[in-house]
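Peer 1: Here's the letter readout for the chains.
There are 6 protein chains.
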Amino acid sequence: MSEFTHINQQGNAKMVDVSNKEVTKRTAIAHSSIIVNETIYQQIVQNTNAKGNVLNTAQIAGIMAAKNTSTIIPMCHPLPLTGIDVSFEWNTTSSNHFELNIQATVSTTGKTGVEMEALTGASVTALTVYDMCKSISQEMVIRETKLVEKTGGKSDINNG
Amino acid sequence: MSEFTHINQQGNAKMVDVSNKEVTKRTAIAHSSIIVNETIYQQIVQNTNAKGNVLNTAQIAGIMAAKNTSTIIPMCHPLPLTGIDVSFEWNTTSSNHFELNIQATVSTTGKTGVEMEALTGASVTALTVYDMCKSISQEMVIRETKLVEKTGGKSDINNG
Amino acid sequence: MSEFTHINQQGNAKMVDVSNKEVTKRTAIAHSSIIVNETIYQQIVQNTNAKGNVLNTAQIAGIMAAKNTSTIIPMCHPLPLTGIDVSFEWNTTSSNHFELNIQATVSTTGKTGVEMEALTGASVTALTVYDMCKSISQEMVIRETKLVEKTGGKSDINNG
Amino acid sequence: MSEFTHINQQGNAKMVDVSNKEVTKRTAIAHSSIIVNETIYQQIVQNTNAKGNVLNTAQIAGIMAAKNTSTIIPMCHPLPLTGIDVSFEWNTTSSNHFELNIQATVSTTGKTGVEMEALTGASVTALTVYDMCKSISQEMVIRETKLVEKTGGKSDINNG
Amino acid sequence: MSEFTHINQQGNAKMVDVSNKEVTKRTAIAHSSIIVNETIYQQIVQNTNAKGNVLNTAQIAGIMAAKNTSTIIPMCHPLPLTGIDVSFEWNTTSSNHFELNIQATVSTTGKTGVEMEALTGASVTALTVYDMCKSISQEMVIRETKLVEKTGGKSDINNG
Amino acid sequence: MSEFTHINQQGNAKMVDVSNKEVTKRTAIAHSSIIVNETIYQQIVQNTNAKGNVLNTAQIAGIMAAKNTSTIIPMCHPLPLTGIDVSFEWNTTSSNHFELNIQATVSTTGKTGVEMEALTGASVTALTVYDMCKSISQEMVIRETKLVEKTGGKSDINNG
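Residue numbers (our numbering), protein chains in the order written: chain A, 1 to 160; chain B, 1 to 160; chain C, 1 to 160; chain D, 1 to 160; chain E, 1 to 160; chain F, 1 to 160.
Excised from the complex, chain A in its bound form:
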């Protein structure tokens, strides 16, 4: 048999080796948001949605997705998360639409950062709000999803 010609050097996928990275406490905070109309806003605030408590369901979905990130994102390293918190805030400055801000905070003690876990948690929280409210209107829009802060590892980041 001929030598291995290392097709993988030609640009294909690998989960990079982090064996030699340090085990440290790491945290990440990600942000997303979803724009809803007034009917949906009222239904969420008054907890009258026919499928259940919108924010609580979305929060639980976000937490479970953060835990499953390494099975959803192909090259993401598996990590035993030590804490996940998803919180909400309404931004009602516009007269005809309502923006639900979503913040996901994730922590671990491990060899890689948890920014993908925070981003995945925030995204799935937003998607679940959409799912719970889509029988009212499907014109909801999920807005900017981004990393806000990251600590631990080689370098801290603060995009906030």
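None of these hints come from the bench; they were simulated from the model.
Hints may be right or wrong, so weigh each one.
Chain copies aren't distinguished; within one or between two, either way the pair holds.
What the hints assert, rightly or not - Okay, derived cross-link-like pairs now, BS3-like style, lysine-lysine, Cα gap no bigger than 30 angstroms in a straight line:
| id | residue 1 | residue 2 |
| --- | --- | --- |
| 1 | K25 | K111 |
| 2 | K21 | K51 |
| 3 | K25 | K134 |
| 4 | K51 | K25 |
| 5 | K111 | K21 |
| 6 | K134 | K21 |
| 7 | K154 | K134 |
Assemble chains B, C, D, E and F onto chain A, guided by the hints.
Peer 2: Frame of chain A, contents of chains B, C, D, E and F only:
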């Protein structure tokens, strides 16, 4: 944008932060049982069930469920389990029904206890016995599922 | 090579062939319950648990587990469920303990019944209540888990 | 035992019963996008990312996530998808940033629509681009994620 | 915004649309085998393996993997399988090694064939035998894994 | 209640306790291969397969399967993998068939070896090649899947 009003302080879900908890060896033992009729009992003992070996299938299901606990129980921390054992004992004191006792023992080296893994393992073992035997009778009843013993972490527990 | 000696006829596992069964509407209702102490009862009723809304989290866990039943129970057929409802009722007849009754109702249109989905949904709902409240006391006990009613397919069952 | 007081009527979660909905062909198209800097753009276009082919990996992640939507989004019905396509387009109108448009098209023959599958597919595609490129910069932003078109079922939608 | 330039036409991944394919009964049979040494053979046959009944565990793993094929194989369509059977046969013609033949038979009623489900079931059965016995020797070899027979759909295949 | 009669000592399954094993860096390399005909070979090499880039899709599937090994192989311990690499090499010595060699390299820092992760990664890579190409011909054969090398833990192995 206004300040985050911390909707999450109002009673919604979070996976509590255990970053600062100590990594120690931890074990938990949980118990469940299922009541079956004599036909089912004979079929299990004589290994004549049409779907397969009932106890072995149930045991494997319980072990796999214990490993997957953090994806089944929303606020449960992921933990790399180091050992899982599911064992059985027949209690045949009654003349017209038979009780299969199920004991699940789980161990890990981690920051949180493994009682949910032991309880989930015991429950899924019982549910699988039900599934394997339900074509005979659906009057089986899963009885008390509870924590028997827990070691490691802040405080040991013994409900045995 | 010698003939296949059909080791599988000797009592090992198979997912039985239901290709020729009729596609009909099928429902199942399962029941479980969990005994908690007064502190936990008050915390659930007043929604003051530190990990979140206990009943809502448990309900969501039960619904998600019902959908995943065929990946949890080894010989269970995969089925596209069409509806899942988990409801609760407090039984407070005893002066010093409180029983939370759990009822899971599942429906599908398919070739096999959904009793395992209802039972798994009810069990995981109870397990999640345990998880949410276990920092208060680990003396909770999950009580009888059983099938209450089943419709569709060859024969209806009513154990209620 | 007292009557079931239907705690579930008080606003908690349920997967709504669609048993009586018609089985029809249904499609949905969702859109997302991610803003990257020029270094990342060049790396994607020239296929020089150290973790692999960015677009192909993202596409596969989006397709797999679309298939798993009912395990990620709590109240989403399971559906056997019949087709999933994720496509990309670069929007390079700005001089200093580059926007990768993502379109996910999903089809099924079933009782419920596939908008959540399309939205989840588009979101996870964007998240995977982020993961593949985050070692270069973490200032990427996932922009609007929304439903573009939906056919089949009660009413067609076109937000395009 | 410019037109979608259909990057996906350039060779990237899609789950092909089978919406218009006929729903028919389909079956597939796949074969694999694993070569073990005499110590392992004796341990399997006498059921003395320290980790459990080797063949039964392998069989259950194969059945569960067949059910999960569409989450393991990226472009594979999800299908509600109606039956799975894994059987074994020893081929002991050689004096110093033993070959365990594995046959996985899968059936469904659906729009696509189940050859990947049969092949995945056979492969995972073989891998599980390896896992159960690897503390004895790691010189086991999994031999030819291939499709033996396929019925239903456009064309039957018989490679047997 | 009578004493636990330890049915589990009679040969049933357990996930053996590795609590007391040392945490060390561990690696494993596994090999598999698949035989394809010339049409499939040309399609892979020229990247003209209708379902996408065959090798890249297979590689991603193999990496994701390696991460999920403990949920696929029943008695396999969960491990947070630190690196996974899947590479390919063509062996075209025969005039009428083409063999794609697959090598999966896995690393972790943990209490158990990663040979099952490497073997599962290699197998699923081969199965995915089959899936991507099966519309051309289903006479592909997956050949020897085996452990090539293992380091860390009690004893190194080199079957290469």
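Peer 1: Indicate, hint by hint, whether the structure satisfies it.
Peer 2: Going down the list of hints, with the structure as the test:
{"no.": "1", "hint": "K25 - K111", "in the structure": "both (9 angstroms within a copy, 13 angstroms between copies)"}
{"no.": "2", "hint": "K21 - K51", "in the structure": "between (45 angstroms within a copy, 17 angstroms between copies)"}
{"no.": "3", "hint": "K25 - K134", "in the structure": "between (39 angstroms within a copy, 19 angstroms between copies)"}
{"no.": "4", "hint": "K51 - K25", "in the structure": "between (38 angstroms within a copy, 22 angstroms between copies)"}
{"no.": "5", "hint": "K111 - K21", "in the structure": "both (5 angstroms within a copy, 18 angstroms between copies)"}
{"no.": "6", "hint": "K134 - K21", "in the structure": "between (44 angstroms within a copy, 17 angstroms between copies)"}
{"no.": "7", "hint": "K154 - K134", "in the structure": "between (42 angstroms within a copy, 13 angstroms between copies)"}
Of the numbered hints listed earlier, not one is contradicted by the structure.
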